[in-house]
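Could you build the full structure based on these sequences and the hints that come with them?
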Amino acid sequence: GENVEQHPSTLSVQEGDSAVIKCTYSDSASNYFPWYKQELGKGPQLIIDIRSNVGEKKDQRIAVTLNKTAKHFSLHITETQPEDSAVYFCAASLLGTPLVFGKGTRLSVIA
Amino acid sequence: DVKVTQSSRYLVKRTGEKVFLECVQDMDHENMFWYRQDPGLGLRLIYFSYDVKMKEKGDIPEGYSVSREKKERFSLILESASTNQTSMYLCASSPPTALGTEAFFGQGTRLTVV
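Chains as they are written, first to last, in our numbering: chain A, 1 to 111; chain B, 1 to 114.
Everything labelled a hint here was simulated from the structure, so no lab data went into it.
Values in this document were obtained by computation on a predicted structure and should not be read as measured data.
Be aware that one or more of the hints could be misleading.
Cut-off 35 Å, straight-line C-alpha distance, at most; resulting in silico cross-link-like pairs (DSBU-like, lysine-lysine) [what the hints assert, rightly or not]:
# : chain 1 : residue 1 : chain 2 : residue 2
1 : B       : K18       : A       : K58
2 : A       : K37       : A       : K57
3 : A       : K37       : B       : K18
4 : A       : K68       : B       : K57
5 : B       : K71       : A       : K37
Here it is in structure tokens:
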């Protein structure tokens, strides 16, 4: 089955700097790659996703890139703000099957 | 707004008790999931269901069962609670693949087994 590795497990950045979180997946059949943000005391919430027919997707300050050949995808957050502090999870799946999640990255944005 | 509601935010149960965790969604989603979240281990899939009365085992089903008698409700059952089941439990729902794949999560139930 699918296995998703996520790095780093913790990340601290200064406010205004960029943050990058990287994930690799094992199953070449996977074609859906979402990113979730979990704030303290809440359930994870989707922030951006990408399908395997697209190499990059942007939404304001966040972007995701996908390299199918290398089987890795990354989350990029630019101009970080304190409210970006949270735990971020990447996931992978073949559409129609349950998501397999990485272990998470705790991002701290220092004002 | 899609809403996934878990019946309890916090639960404390004794070893050996039968525990029910309830989850209700209001978007008429076919798919529902139960995950367990532990520090350093991420979210691990316990059980999922693609339709009423259907259930499939996930990656860590041992010690758990589920019930889906109605489309909007998916219950996780700990048959005989043990201390190693102390964890955060997250319920999620999603529409059929053809309509989209975003999974919507509840706020979680933090279960402590003593």
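When the structure is checked against the list of hints, which entries are broken? Sort them ascending. Of the numbered hints, just 1 does not hold.
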